[in-house]
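Asks: Each chain, letter by letter, is given below.
4 protein chains.
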Amino acid sequence: MVSELQLSPSWLSCTHMNKHHHLLLRGASSLTVSLCKRSGPTHPPPARPLFPSSGAGGTTTAAAIVSNFFSRHHHSTLTSPHHHLPKTARMSTTTPSPVDLIEQSKRLAAFQSVTAHLVPFPSRTRIGIGSGSTVIYVVEAITALVPPTTLSTMTFYPTGAQSEQLIESAGLNLQYINKLPPGTLLDVCFDGADEVDPNLNLIKGGGACLWQEKIVATSSKKFVCVADFRKMSPALGTMWKKGIPIEVLPLAANRVLGELERMGSLGPKVRPGLPGKAGAVVTDNGMWIVDAPFRPLRVEGTSDKEKGEWQVDELADALIKIPGVAEIGLFYGKNGNQAGEGGAQKPVEAYFGMEDGSVKVLSA
Amino acid sequence: MVSELQLSPSWLSCTHMNKHHHLLLRGASSLTVSLCKRSGPTHPPPARPLFPSSGAGGTTTAAAIVSNFFSRHHHSTLTSPHHHLPKTARMSTTTPSPVDLIEQSKRLAAFQSVTAHLVPFPSRTRIGIGSGSTVIYVVEAITALVPPTTLSTMTFYPTGAQSEQLIESAGLNLQYINKLPPGTLLDVCFDGADEVDPNLNLIKGGGACLWQEKIVATSSKKFVCVADFRKMSPALGTMWKKGIPIEVLPLAANRVLGELERMGSLGPKVRPGLPGKAGAVVTDNGMWIVDAPFRPLRVEGTSDKEKGEWQVDELADALIKIPGVAEIGLFYGKNGNQAGEGGAQKPVEAYFGMEDGSVKVLSA
Amino acid sequence: MVSELQLSPSWLSCTHMNKHHHLLLRGASSLTVSLCKRSGPTHPPPARPLFPSSGAGGTTTAAAIVSNFFSRHHHSTLTSPHHHLPKTARMSTTTPSPVDLIEQSKRLAAFQSVTAHLVPFPSRTRIGIGSGSTVIYVVEAITALVPPTTLSTMTFYPTGAQSEQLIESAGLNLQYINKLPPGTLLDVCFDGADEVDPNLNLIKGGGACLWQEKIVATSSKKFVCVADFRKMSPALGTMWKKGIPIEVLPLAANRVLGELERMGSLGPKVRPGLPGKAGAVVTDNGMWIVDAPFRPLRVEGTSDKEKGEWQVDELADALIKIPGVAEIGLFYGKNGNQAGEGGAQKPVEAYFGMEDGSVKVLSA
Amino acid sequence: MVSELQLSPSWLSCTHMNKHHHLLLRGASSLTVSLCKRSGPTHPPPARPLFPSSGAGGTTTAAAIVSNFFSRHHHSTLTSPHHHLPKTARMSTTTPSPVDLIEQSKRLAAFQSVTAHLVPFPSRTRIGIGSGSTVIYVVEAITALVPPTTLSTMTFYPTGAQSEQLIESAGLNLQYINKLPPGTLLDVCFDGADEVDPNLNLIKGGGACLWQEKIVATSSKKFVCVADFRKMSPALGTMWKKGIPIEVLPLAANRVLGELERMGSLGPKVRPGLPGKAGAVVTDNGMWIVDAPFRPLRVEGTSDKEKGEWQVDELADALIKIPGVAEIGLFYGKNGNQAGEGGAQKPVEAYFGMEDGSVKVLSA
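Residue numbers (the UniProt record's numbering), protein chains in the order written: chain G, 1 to 364; chain R, 1 to 364; chain L, 1 to 364; chain S, 1 to 364.
Since copy identity is lost for identical chains, a pair holds within one copy or between any two.
Subject to a maximum C-alpha distance of 25 Å in a straight line, what follows is the list of computed DSS-like cross-link-like pairs (lysine-lysine):
id, residue 1, residue 2
1, LYS242, LYS269
2, LYS305, LYS221
3, LYS321, LYS179
4, LYS269, LYS179
Hints in this document: simulated from the structure, not taken from any laboratory.
This is chain G alone, in the form it adopts within the complex (with noise of 0.2 Å):
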């Protein structure tokens, strides 16, 4: 189901930018970019270029490709060309760290989602913003990649504190979610996860705000994941061990906690709000967060709940119907291409960025 496919930067600088691009993309369920040495010509861009081809052959880094890609868009000169790029990402003579490797692999993964599913940025654009350390690069490469004119006419909703100062501090349109007139969806929405299975279900919750980013995400024609390679995992709750993130009405804590252990929730418990707060985290909406660990939930196949043992739709379906449950921190169903109305909770695609420089895709 998942295979991997060597693309050049060459390949990049040309199907990025026209509409097959995204069908190309459909085809591979699973795609990793790896930037590897290119030997054909430079396809000329046809309007501009997203990921250029560096000068000259040899190994192009993810970080040269952005940041070449920002020299021409932004004219700047040989004196400051990086000027405004971030320390990891800035292209350097030495070999990278690990962690520039990572940061810059996270920045590709970003401006590659956001070429991907805003080209051709048409105006009155909504868009949603979730948080994480990659979604930051999402904001980036909407900055850099639509032209102003465009970016004054689209809106970006956040999915709680820490995307609304993303989203002010890059200067974009703040609106809120509550805003969105009733029957009305998001075009897209790019938020991070804590944990993605191969067939794109997803934990969040680690920040406890998973209520409004399953509001935003529903509320998107199309939610677009964004993370680095430590959110991949076979089957969730293997990486992500802390338990699935479920948003309650404290005075049923105890009642859901007992629900809990009896689906066979290994150990599940209220969230600590320390050091900052005695007692137990207090979400923006007034709710407590229980962790609830499971075994790994299998994705397809049978299930074998007496052991615990849960496939993701079945457990998703089962936790959001006890009684106390605002809502629980798995996304999972439809994803947006198969809903034509909205309210997919699964994104339609995963950008990983990987430990190497590289970015996996993973489709629906």
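Starting from the known structure of chain G, fit chains R, L and S onto it as the hints suggest.
Replies: For chains R, L and S alone, kept in the frame of chain G given last:
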């Protein structure tokens, strides 16, 4: 499915006190107690007569039965046989007004429900107490019927501020549902409803306390509904026309309204707080209430969602999964008899005070 | 302290448009505009007539003035000179009903307050918008009087859900008070009141929004009150008899009630939420409202706390310090003219629509 | 103002048991119990020795005193004289570690405070229980010292979730402060502090529970502070450098930050919720916490507000009146001895467990 039985007071006096009573009531899926003329001899009650016959033949009103009970139970004197009864329920030589009759029947319904579901008054019972005008009589009944030493071992769990006051002013042991240890259940919960259909599906939430009410009800081994005749309905949405109360996260209100309209709700609205509060009602949980009218909900058979015609269970399932919905005012699915481990939303029985002074019982 | 001036419309037409107007109004501590017969010639308005004279001699009603204004300002045709005016304010050849008169005077009060405090309509003005039936006319006045290009640079800060809707439905730029940068002030805030005493002390909070209202008012360089004649009072507690609204932490309600009684409050009570909600009103901040009636509050002179007779400032000072009190509905102390750095609670001026169609102005 | 007394255990054994003790302690504004060598004969305790002398002459550590007490009180056998003591407090033949010494002194402080303020253990006492590591020993002391039949008549009021658990796990009668009838006071409240100055002004709120803590403290006839030596300070802001915790309405956070900076606060900040929650800490009351550092607060004498130098009372008075501030973490003004009707914020006494195993008492 619904049958009516005419029962004489003498039947009440002997059968309500033994364990067969329960089976008898279960045998009838619906029971009307119309307090007709008694013809046979009075069976001596085995231990303590709850609803004894009147001394002589003739029509016995609900008030007479209740007051007779009290006169024996409390050993009250002739001079003040009903000193602690509320005005509307006092025996009168004049014809009772319609209002008196209804109050008498509600009270009788409460006494009957307590008799049926608390006898033989085991100690350490944990009881949920809801709200509504009939529940007031439930508390009165418990106080009157349960021996004081047993009563002092019982604990009472309110569904909101109103029932909390009720419990406290009756001098009963108050405890909060959040203190119920995980995995433990209340023994029984008595609560009202805004509408009851023949399958014992309920609409609740007219008082904006539905979330806590559902938590208490589903934390009980069985849930007993007490109400007056105005709440009986052939199909939910027939009598209670304001709509299904839905507790929503304020920032998702618009989004939920849009979903509801798409599902066929006829003019769903955020409930206003006036006169006490400008803007929306805020619940005790910091949420808003959306009242979503639907066409009368089908109990069984086919539905036609395209026309906005829903079955109760289908609709409830769809509503609870809308992101932004915290809880819904539909009580549906299993009842305590069916759901071994609790978590049942539907009552096992509903007692209605009727317009003519009688009590109607609807059993699962 | 309160004097009344009879002013002709011609005075209004010329003086309201220049900067002297402000000083003139300040000279009179109370101003009644009774719109008597104009005798002199119409002074040609320097730029745009806000309250022009009627075409011929004779008594000019508030409605006539307003409608004349609109007919010029909007260049409307003969066929539909007042197409956008609410019904009650439309010019009529028949005698206006008392209700019409009041609505006309409230509207006139709103137009006058906007004229006095927004002219010459500087761009980038930040304006607080409160709630109440007169504030509706303030928004209408702003929309009507401010040139569109200037209006698009102005930002409007609501005090609650009601004024938020008002701002949005008028198509004005909405912003939230939490977005006002630290150290910045709104230029002016227009809000209603439940009662106004001669020293411009206010009672607010009938709509349970007092906390946000006080934050917006005290975030403004000056606060302008608009209301109708029923809110004018010789002493707070004379007209508004329900008590001073106090926003309290629910778990401290009993404690605050006890303190209030000790201080002489006559039957303070937690405000009930019915019919929309059983139990207490919950504010948008998750608090409860206690309504605390006191004997009419003295504006100055001696007080006798033992008898429960308080001066406004003394009482406010004592109330705000009760632990458990979040905010109080008394607006007292300094006004924007006195408090250079903002933080003033009292209005600099209050405009009242009077029963006879006139406007009364109370100035600090 | 602060004097130190060297007291022998024998003094403790006899004076702590009678009523003169209280006066003696009041005579010293500060009392250090350093547990030196006892020289005189052991006075036979009149009823029950709380802090009896050790069996032989020689230096007596706090641990020895406490453990001796327990060995008598509980009639424990030789084989297990200290079976229920936590590890750190067990008598040891080896030299106690510094950590042991501090724990021992905190425990001794707790026992001393309970002895001083609860003896002769009147029944039906209502006791506030706060949080903090020393309060744990207060609950232990109460459980150990109060006769069970009396203990069962006492009621305990927590200041938050932490102390609620403490009360429950000790099997004490829990009650909530909102259930205290209007006009009634708790008899005494034991709580910790983040910093204590020589005049017994406090900073509290490190755990974000300051609002409830202040309500419980000021609902008590007297408030007794228990803490360790790290909380003793010559001036508030010297030891606790994170700033005065201030509970604010989220939408007013910016506005409050601006006011605080204007008042001279050095970098006030909204407290972050990480790692459990992205964005701000949300309190149990739905508020945010602003931590506002000020220069060390003067206890008395002149202040220079222009330089940001404040007296405690002046600053507290200014802070509580900022609109948007719900409550402040300064406990100041009167103490229970001065304030006849309660409502006092300052403790009447503070007990500190010292580094050397001794207890220091600071009295009003």
